[in-house]
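Q: Spelled out, the chains give:
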Amino acid sequence: MSNVIEARGLRKVFRTGFFMRAVEAVKGVDLDVAKGEIFGFIGPNGAGKTTTIKMLTGLIHPSAGSATIHGIPVTDPRSRQGLGFMPEGTYFHEYLTGVEFLNFHGRLLGLPKEVRRQRIPEVLELVGIAHAADQRLGRYSKGMRQRVGLAQALIGDPELLILDEPMSGLDPVGRKDVRDMILSLREAGKTIFVTSHILADAEMICDQVAIILGGRIVHHGYLDDLLGEEVEGAELVVESIQPELFDELAARARRSVPQGGRFLFDFAEAADAEKALDLVRERGGRVRSLTPKRRSLEDLMVSKMEKEAEQ
Amino acid sequence: MSALARIAVVAENTAREAVRDKLLYNLLLFAGLMIASSVLLAQLQVGYDERIYNDVGLATIAFFGVLIAIFVGINLVYREISLKTVYAMLAKPVHRWEFMLGKYFGLLGMLAVEVAVMSGFFLAVLWFKSAPIYTGMLWAVGLIYLELALVTAIALFFSSFSTPYLSAMFTVALWITGHLLADVRAFGQGPDAEMVRPVTEFLYWALPNLDRLDIKGDAASGLPIEAARVGWSALYAVLYSGVLLVLATVLFRRRDFR
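Just so you know, the protein sequences line up as chains A and B, in that order.
For the first sequence, the positions run 43 to 353 when my numbering is used.
For the second sequence, the positions run 2 to 259 when my numbering is used.
For the record, the hints were derived by calculation from the structure and aren't laboratory data.
Just so you know, even glycine gets a beta-carbon here, dropped at the ideal spot from N, CA and C.
Wrong hints could be hidden among the right ones.
To be verified - Residues from chain A that face chain B, not an exhaustive set, calculated with beta carbons under 8 Å:
{"hint": "1", "residue": "R50"}
{"hint": "2", "residue": "L101"}
{"hint": "3", "residue": "F134"}
{"hint": "4", "residue": "Y137"}
Using the sequences plus the hints, can you model the full thing?
A: This is the structure we're talking about:
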């Protein structure tokens, strides 16, 4: 499979303050994003996600290392011909209407008039703001701005989409819409490089993820390989148990939480949960649910952050 | 798609943004009132009517033109960066120099319309008062426009690496100095100024000499103006603006959008 994005040893040093102190924001990032996959680039605020993205899109000059898009160095504007980029916290020309805005970006890409005429309503429909096509962007809500930002990234029907926090600022329905849109774009053969601080969203859509901490990629790989299939503990919810049994179960559990008339016990080992289940049955309590817990992307990132902090 | 086409797209969008800026209309309104006030001013000094219409009219076109060039011009570039609208544009196959030239020519387009509107006010006053229209005044308006083009290039140069406040301050300072360079040079040529002469000579030749483009006085008096004088002045303005634009694009190219 050919790589759409390749980066080797990408570094960025910023000079800040009066004494031009050197701050290394990105410390040698390597990336391989294969065609047709959704690549999640995740990490906490200030980890270097946006700086890396800006180097890939030509907005920031790398201090060292190299990167290519479709085999063309990112320092060459031609590398951005098949690229759709949605920046974080999208701010666009407020004096333009939705249609004027997309027309402007379509023209910057060199799309012929007939193509723009056909593509603009399609894209507005796709992102769900066709009703606001003739409204000025200054009147758009935050969610609508996010959607029109996505629309300008899609206007040229690009092979590669780089989306910086596309779900941020959207309500749950909007987030689901964007997730579905990203998945349908992958089905259409597009490659998507996405950052998100909403790890549950990233976990739902990404094929491959890279975790960046302190400017370094500390973990990367396919999501199934990273998270594994093994069960990591279980949550048991019971009701109608005696106080003695509650104490006994609480002593075995990592965490115990009363929930009205019910009690939730979080066990580190699945075997402990099974033993607890037997005890509840023996002593006349009622089991409401037993949920095996798998490792989540959030668990993985937090464990990586803890390891980094220890070092 | 050619570079020229991309420059045209950015220029058109810049002009559209400027045209939708309320500040522009406020400044044009004040310019119109100022030009119209020349009719009242002329009544204060009998016998100098035509001179007053011409002086006030041309000075207003120049002054409000510079105000618009500096404040609307600087804001248009700075806003693209501070509001991050530039991100989505430069993440397309657009060279940074194309973006800068697009902004520049968009501003020049807006300034052309603005000078034309103010000239319209001025001509309306002359027509209303049945005053003569000298050819020199058309040359003067042409050179005012080239001065605005040069001031816009200065503003763009500073805003390619500085904040809008500093850019405005530097540009205003350079505009004022540019009109005083003949005096600066004359000072350096005085008998007691040998020590500062190299500095004044350097300033005279290095800074934009805007006095070269100022023929308002002669034009307002109806004096003949040589075509060669206008031609050399125009060439000077175009070349100086060109050098500033090259420097602005070099600085803008090196810039990181953090």
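Q: Does each hint hold? Answer for all of them.
A: Quick rundown of the hints versus the structure:
Restraint check, A:R50 versus chain B: the minimum CB separation of about 20 Å is more than 8 Å; hint violated. Annotation: interface hint on A:L101 holds; nearest CB of chain B at approximately 4 Å, less than 8 Å. Taking 8 Å as the C-beta cut-off, the interface hint given for A:F134 holds, the closest approach to chain B being about 6 Å. Interface restraint check for A:Y137: the shortest CB-CB distance to chain B comes to about 4 Å, inside 8 Å, so the restraint holds.
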